[in-house]
Amino acid sequence: MISKESVPGRVARVSFLAAWLLITVFPLYWITITSLKRPGDIFTFPIAYWPEHLSLENYTGLFRDHQFGVYIANSLVVAAVAAAAATAISMLSAYVLARFEFRSKSALLMATLVTQMIPAFIALGPLYLLMTDLDLVDNRLGLILVYIAVCIPFCTVMLRGFFENIPDALEEAAMIDGLSRFRALFQVLFPVMKPGIIAAFIFNFVNCWNELFLSVTLMNSDDHKTIPTALNGFISSFNIDWGSMSAAAVLTILPTMVLFAFASRHIVQGLTSGAVKE
Amino acid sequence: MEERQLRGQPDVTLSTHQQVERPSPEGGARPARKSAGRRPRKPEFTARRGLVIAGYMAPAALFVAAFVYYPMVRGSQMAFRHWNLTDLTDTSWVGLDNFRAVLEDPAWPTILGNTALWVIASLVPQFVIGFAIALWLRRNFRFRGLYQALIFFPWAISGFLIGILFRWMFNSEFGVVNDLLQKAGLIDHPIAWLAEPRMAMLAIIVANVWYGVTFFAIMILAALQSIPDDVYEAAQLDGAGKARTLFQITIPYIRTTLALTVLLRVIWIFNFPDLIFGMTGGGPNNETHILTTWMITITQQGDYGKASALGLVVVALLLVFSVFHLMATREKATREEKGARS
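Protein sequence lines, in the order shown, are assigned to chains A and B. The letter at position 276 of the first sequence is residue 276 when you use full-length UniProt numbering, and the numbering goes up by one with no holes. The letter at position 114 of the second sequence is residue 114 when you use full-length UniProt numbering, and the numbering goes up by one with no holes.
Isolated chain B (complex conformation) (with noise of 0.2 Å):
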């Protein structure tokens, strides 16, 4: 069943594809969805549609505007005052000392590099080994509903317990990662998994691909099965062989899904702090904290200016890794169409 829902999938995909030359990000939708063949629709009694559309979207609005973006807003504020729950007589402005101290830190380097370390380890096995689920679950096969619904299932799992598992798992006495390498002959005697820096970070990036790989075998299956079929007949009689067809291609194809999967999914390894708090809690040490598990824990320890000024980096570095991500897979896209046409 569940594949058919995936087929069913293929005019959304599709749709990505003919956004590729738009600027804006959420531009694309409403022209797309006009040559779907919906009539447009005639804007009948303004003042009356004004209502309708202010009254339904507003307990949505009302709710987020509240609890979401109230707190970011006065959060931002935040990282420009003095703001400790230990004391909290003193809320002067300080300007930029919040950003000092964060970039002052001595953790600062070594967490910065953590987090670049936890989001491309972590994001390059994820995405081959997706890639290869995805391409081999294209075939038909008995049981591949059940296939997929079993590798699927660590999603339904959180990101903290994902991490209460594998720290069971990585325990050095009775863990059985360790258990398992030495009846293979890997290891001659058990590892501090969690208690040595490297491969405490180590061990938290397997279980972070452990868990990322369904995303990617999703998204890119997904992607696949919006490739035609005849597409493939003209490369088979061009005689273009299994590697060829793979990346002149498949891969071209389906760019756009992949490029925007790895936007999306780089930006959500870099806010995941679920895991390393479930398996590591940042330990030995604050050796295994990323930015935003660091973030939460200065805001437990109550510096609330702090915290909030390492949110506002932490939107920055985002903010511009997505702009950065954007310009350079549109320029890759739009040279190599020119490239096909001259």
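The following block holds chain A by itself, in its conformation from the complex (with noise of 0.2 Å):
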């Protein structure tokens, strides 16, 4: 298919992806480096590629002097309820979307696609005066809901995706034998997506685990916070302790990175048509 290649074209082509590789992945090694690293250490010349000595000194400190198990589990507890609630919610709205043929579809998917170019942030005003009005204000429960509602647009694009890919036999079958609208979803269209779902629910997780702003805003209460808004912390401090922080960085890190290895490719699927489709 391809032309086939010259000596000088493959030199070309892999020196220039593995330099990128290289890049790529460097910043990660450095953190995860510094945070290996003694505390002392870090701070001293000349810089040091590779430690000398290992500790986790950083990682035990994070424990002893913040309370990071509370925000790893804050940041737990919203991001899974508000990943798997707003899969299944998009699950029921991909599913009209993509088997229905009415009216106001057209402008359902418009509304969709506004709060893509539109970010959540740009309301972080009114959301706290809302919030405020639920008495939802540093609850847990308050960010959930906001997190929802924020998966859902993108979420509903990236299910309709992989139900259009699946026959409507199978689920006229379903109903043909008996079976409800509703429990053919689930019971029947439901385990042929599961792949496409779980990706769903992963790409949700580690969006709503990653958010910045919108839990600056309403979360305030030290027992509260998720793990962005105690990292927002502590750079705004006058002196930023690099050992703690880099720890931080790599425990936040960690488990989206185990997570999209597992669900990369159908999230790449769900991006690419995703964006191109609508």
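Don't read these hints as lab results, they were simulated from the structure. Incorrect hints may appear among the rest.
Sample of chain B residues lacking proximity to chain A, with all beta carbon distances greater than 10 Å (derived) [as the list claims (entries may be wrong)]: (1) 92; (2) 124; (3) 172; (4) 238; (5) 243; (6) 252; (7) 284; (8) 328.
From the derived model, a few chain A residues whose C-beta atoms are all more than 12 Å from chain B [claimed, not checked]: (9) 7; (10) 67; (11) 68; (12) 73; (13) 101; (14) 140; (15) 146; (16) 179; (17) 198; (18) 211.
To be clear about the criterion: a stretch of chain B counts as covered by chain A if any three or more of its residues have a C-beta under 8 Å from a C-beta of chain A, and this derived list gives those stretches [unchecked claim]: (19) 59-66; (20) 312-326.
No residue lacks a Cβ here, since even glycine has one placed at the ideal position from N, Cα and C.
Got two chains here, each in a separate frame; can you build the complex from them with the hints?
If you want it as structure tokens, here you go:
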């Protein structure tokens, strides 16, 4: 298909790809190495590219001097509940948008698209006032509700793409067999779409886990902070403690990387189709 | 495994090409899907169908309406009112005063310029490097799946954390960037990257390029894999060289996807305050603010009226840009098509 490669062409390709790989991986290597140095060693010359003394002191300090365990628990609960709820709700809306034709459909799709162009943080102030009215400020449930709403539009677009790949004969047969549409959706389509649904869940989870501005605005007591909110507190202080910071960064990045590795091909599929379709 | 998934994609990317002429951005999906061979669904009990549709859409619609649209609508009203958390007794209608406050703010010209620089200087290298990676990833090689997984990983990290990672690497005293540059002999004394406005802008843009290349690589690779092989075979028979094949076949073929990807990316970079927040917080002395980081800072200061006005300005700018971009790319597409026909 592609013309045969010349030797210089091959050298250029391999060195370019290798260089980019190095550039991509280096920041992650660097933060990990920093986190594994003894706290004092971080601020010494010459800068060590491989530490003489490996130490977990930065990690233990994170849990001893800060409530990092609480932050992790908060992030975990908020992201897991919001992602699960958003995925379930989006399944229903995606199903309808994939299977039915109706007059207001294009308007609904447009409304979904708009939320992708105008990010939620543009309305931080009014959202804060709304949550105050609902008595949901500094409340994990409040944050969960907002995250569900923020996740739904893109998740719907993504799942709709997956539904469209499944022939509707499948649930029709189930419905002829006497299953209600709702049960057909969850008992027949759900198993078929499982990889896509898990990918959608992971995508939502990672987005909630990483979200900063909404949680900074809505959560203020230390017991309710999610990880990004806590990290924001770390960098707002006058002198950043890079030892704790690097350890915290590694602990935040690690779970999302593992999850992404599991779901990357479905996420890629969802993103490319979602982006080029609408 | 990844490449197989991406390969399974071409129908999707192809369908955009069919949509080139379509005026509304979302209108194309329906006919394209019908032509995919699914028989048209006959509308049975209309009332019942309506109930199913409404019932299934209701939870999603309620959530989005309450927590996304309502705040946005309320925010756009606030833009015309005096609304400051420091004094909530006075929420009177002030007309365009908030907009005037934004446009007459001494920081406005700098921040507008920063935003343009941030978008363009991040986008161009992202596009070029992403395109190169996609072109070179098209050829299969051993460990390609692993390679893709490794270079795609920045995606799993939030922009805020990327900012923190690069903030540490660009640290003036103990940062690895200064160390490497000194070792390479490119500089003879450490640069105070994040303390000097121009250097700080450069640093955040470098970080953003690093982060955004992946997106272009993914999108362009998916588009490239939608190009049928016989197109290339024909080009080869005609004796077209590598450069000619790239500029006269590859790029025109995926032009629609490229244009859409660029559009999405511009909007996204424009709306991407996270990285800057983690890296400089808009500093030093507000010199690395872009419109959206500035808006969030104003919100945090409690001036919701001014922040909302700025939010509307941002939306207006994006809208103008999107319309302009769509018109420009479509005009080019139709013109070239006409040229090809004659």
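Subject >> Hint numbers not upheld by this structure, sorted from lowest to highest >> reply: 13, 15, 18
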